[in-house]
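> Protein chains in written order, with this note's numbering: chain A, 11 to 296; chain B, 67 to 377.
Don't read these hints as lab results, they were simulated from the structure. On a predicted model such as this, the values are computed, not experimentally measured, just so you know. The C-beta atom is built at its ideal place from N, Cα and C for all residues, glycine as well. Treat each hint with caution, since some may be false.
[Unchecked claim] So, partial list: chain A residues that the calculated Cβ filter (under 7 Å) puts toward chain B: (1) Ala-45; (2) Arg-95; (3) Gly-98; (4) Gln-101; (5) Leu-105; (6) Ala-106; (7) Gly-109; (8) Phe-112; (9) Val-113; (10) Pro-232; (11) Leu-235; (12) Ile-236; (13) Tyr-272; (14) Ile-274; (15) Phe-285.
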Amino acid sequence: MQIWVIQTLNSLSLGGLLFMLASGFALIFGLMRIANLTHGALFMVGAYLAATVSRAGYGLLLAALAATLLVALFGGVVERLILRRLSGNAQGQVLATLGLSFVAADSCLMVWGGDPIPIEAPRIFQMPLRMFGLAFPTYRLFVLAVAIVVAIGLYVLIERTRLGATIRAGVDDMQMARAVGIPASRLFTTVFCLGAGLAGLGGALGGPILNAYPGLDADMLPLALIVVILGGVGSLVGTFISSFIIGFIYTFGIALVPDLAYVILFLPMVVVIAFKPEGLFSRSAT
Amino acid sequence: MQRFSIGLLLITLAGLPLVAGEYFVNLGSQILIAAIFAASLNLLVGFAGLTSLGHASYLGLSAYFCAWLSSKMGLGHAVTAPAALLLTTVVGMVFGWIALRATGLGFLMLTLALSQIVWGLAYRWVSVTNGDNGISGLSRPSPFGIDLGVSNHFYWFALIATTLCVLLMARLIHSPYGASLRGTRDQHRRMSALGFNVWGIRWVAFVVASFFAAVAGLLYVYFHKYIHPSVMSVTVSAEALLSVIAGGAGTIMGPLLGALLVVVLKNYVSAFIERWNMLLGIVFLVIVIFMPAGIKPGIDALLGRLRRGQS
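Work out the full structure, taking the sequences as your base and the hints as a guide.
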C-alpha cells in the first residue's frame with residue numbers, strides 16, 4: 011500500500027513539474043511558432059541556480075524565486091538578441107535554440123561540474139505527513155500544490171486579463187492581432203520571459219526531487235515534447251492533463267518495468283498521433 | 067568534365083593512405099562515415115524539406131543491431147550486416163509513419179522525441195545494450211579474405227561504400243522520383259493537386275534516408291568495434307544537421323564537405339579542450355544567424371559586403 015501511495019505522489023509531483031515545463035513551451039510555441047529546444051536547458055539552469063542560492067543559506071523558496079526571475083530574464087535576452095533576428099524563419103529559430111541548448115548545457119557543466127548536486131527541501135517539508143497509517147512525503151504534495159496554483163494563475167492570466175486576451179488573439183491569428191494594434195514585439199518578449207520563467211521555476215522546485223545534474227535537460231525535454239504533442243498546442247487544459255498522464259506513465263513505468271519505461275512512454279504518443287495527430291485537446295480542432 | 071573531376075577526386079582520395087600516416091587514414095575513414103550519414107540526412111533536410119532532429123537513431127540502431135546480433139546471438143558478419151540494415155529500415159518505416167503525421171515544426175519535434183526515446187532505451191535496457199558500458203569486443207569483417215582490421219583496408223572499404231552510397235543517392239535525386247520529391251518540398255499543394263501522393267513520396271524519402279544512415283551505422287560500428295548509447299544523442303543528430311546546413315542543404319557535394327569540416331573541427335578541438343558541445347552550439351548559432359544558405363554562399367555574401375563597404 012505504502013509503495014503505491016509513494017509512487018502516486020511521485021507521479022503527481024512529476025506531472026506538476028512537467029506542467030510547469032511544458033506549459034511554458036506550449037505558450038511560446040502557440041504564440042510565436044517557436045519550438046524552443048532550449049527549454050530543457052532552462053529547466054536545468056533553474057535547478058542549478060536554486061542549488062547555488064539555497065546552499066548559500068537563503069532557503070529553497072527564495073532560491074526558486076531567484077531562479078524563476080533569472081531564467082525569465084535570460085529568456086527575454088535570448089528572444090531579443092537571437093530569435094528576433096530570425097523572425098519568419100521557423101527552422102532557423104529552432105536550430106538557434108538547439109545551438110543555444112548545447113551552449114547552455116556545456117556552460118552548466120563548466121560552472122557546476124559533472125557531479126549531481128542534491129538540493130535540500132525546505133525544513134518544514136522534510137517530515138512526511140502521517141495519515142491513515144500511511145506516510146505522505148510532504149514536499150511532493152507541495153510541488154503538486156504549486157503546480158495547481160500555477161495552472162490556475164495561468165488560466166486566469168490567459169482567460170481573464172487584458173494581456174491574456176492579446177495572447178489569445180495572437181495565438182489565433184497573429185496578422186490580425188497586429189492589424190488591430192496589439193504590440194506584438196512586447197508581447198513576444200513578455201511571453202518568452204513567462205515561458206522561460208516557468209521552466210526555471212519547474213527546475214528549481216524539481217531540484218529536491220530530481221537533483222541538479224548534467225543531462226537533466228536531455229531527460230526532461232523529450233518528456234515536455236511528448237506532453238505538448240499529446241496535449242495539443244494552445245490548450246492549457248490539454249497540457250495540464252497530459253502532464254499528469256505522462257507523469258503517471260513514466261513513474262509507474264520506471265517502477266514496474268525499469269528497462270522499458272521509455273517504450274511505455276512511446277505508446278500513448280503513437281496512439282494519439284495515429285488517431286488524433288493534432289493532440290488530445292487541441293483548440294483548432296473544435 | 068564533371069565525371070572527370072569526380073574521377074580525379076576519387077583517385078586522389080584513394081591515394082591518401084600511400085602518403086599519409088595511420089592517424090590521417092583513420093581520420094579519413096571517420097570523415098567518410100560522417101559523409102554518408104550527412105548525405106542521408108540531406109535527403110530529408112535538403113531534398114524533402116523535412117528537418118529531422120533524430121537522425122542519429124538510425125545510425126545508432128543499425129550499429130546496436132549489428133553489435134547485439136554478433137555479440138549476444140553469436141551470428142557472423144554475413145548475417146548481421148544485412149539483418150542490421152533491414153531491421154533499421156523497418157524501424158525507419160514505423161518512425162517515418164509516426165513523424166510524418168505532422169510537417170514542419172511538428173515533424174521536427176516528433177523526430178526529436180522519438181530519437182530521445184531510443185536513446186533513453188539504449189541507456190536503460192541494460193540486459194540488451196549493456197547500458198552505459200556499451201557493447202565492446204566487436205570485430206571487423208573480412209570480405210573476400212581482405213582483413214578490414216588494417217586501417218588502410220578499412221579506409222578503402224569505406225571509400226568504396228561512400229562512393230556507392232553517394233552515387234545511389236545522386237541517382238535517386240535525379241530520377242523522376244527525385245523530381246517529385248523536390249516538388250513536394252517546394253510546392254506541396256500543387257503536387258497534391260497534380261495527383262501526386264505527397265505523403266507517400268515523403269515517407270519513401272524518410273525510409274531511404276534511414277537505410278543510408280544504417281549503412282553509416284554499420285561502418286561506424288566496424289570502425290570503432292564498440293558502441294555506446296551516446297551515439298544516439300541529440301549531439302550526433304545535430305552534428306549531421308550542422309554538416310548538411312553548413313555545407314549547403316539540397317546539394318550533393320555540400321553535406322560531404324560539411325561532414326569533412328565538422329569531423330576535422332571536432333578532432334582538432336577535442337585534442338585541445340573538452341568543450342566540443344559548446345563549440346558545436348556556437349557554430350550552430352553563427353551558421354544559422356549569419357550563413358543560413360551554407361558556408362560557401364555565406365562567405366561569398368560576407369566578402370561581397372566587405373567589398374561594397376570598401377568601394
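> Hints the structure violates: just list their numbers, smallest first.
Checked against the structure, the hints that fail are numbers 3, 14 and 15, while the rest are satisfied.
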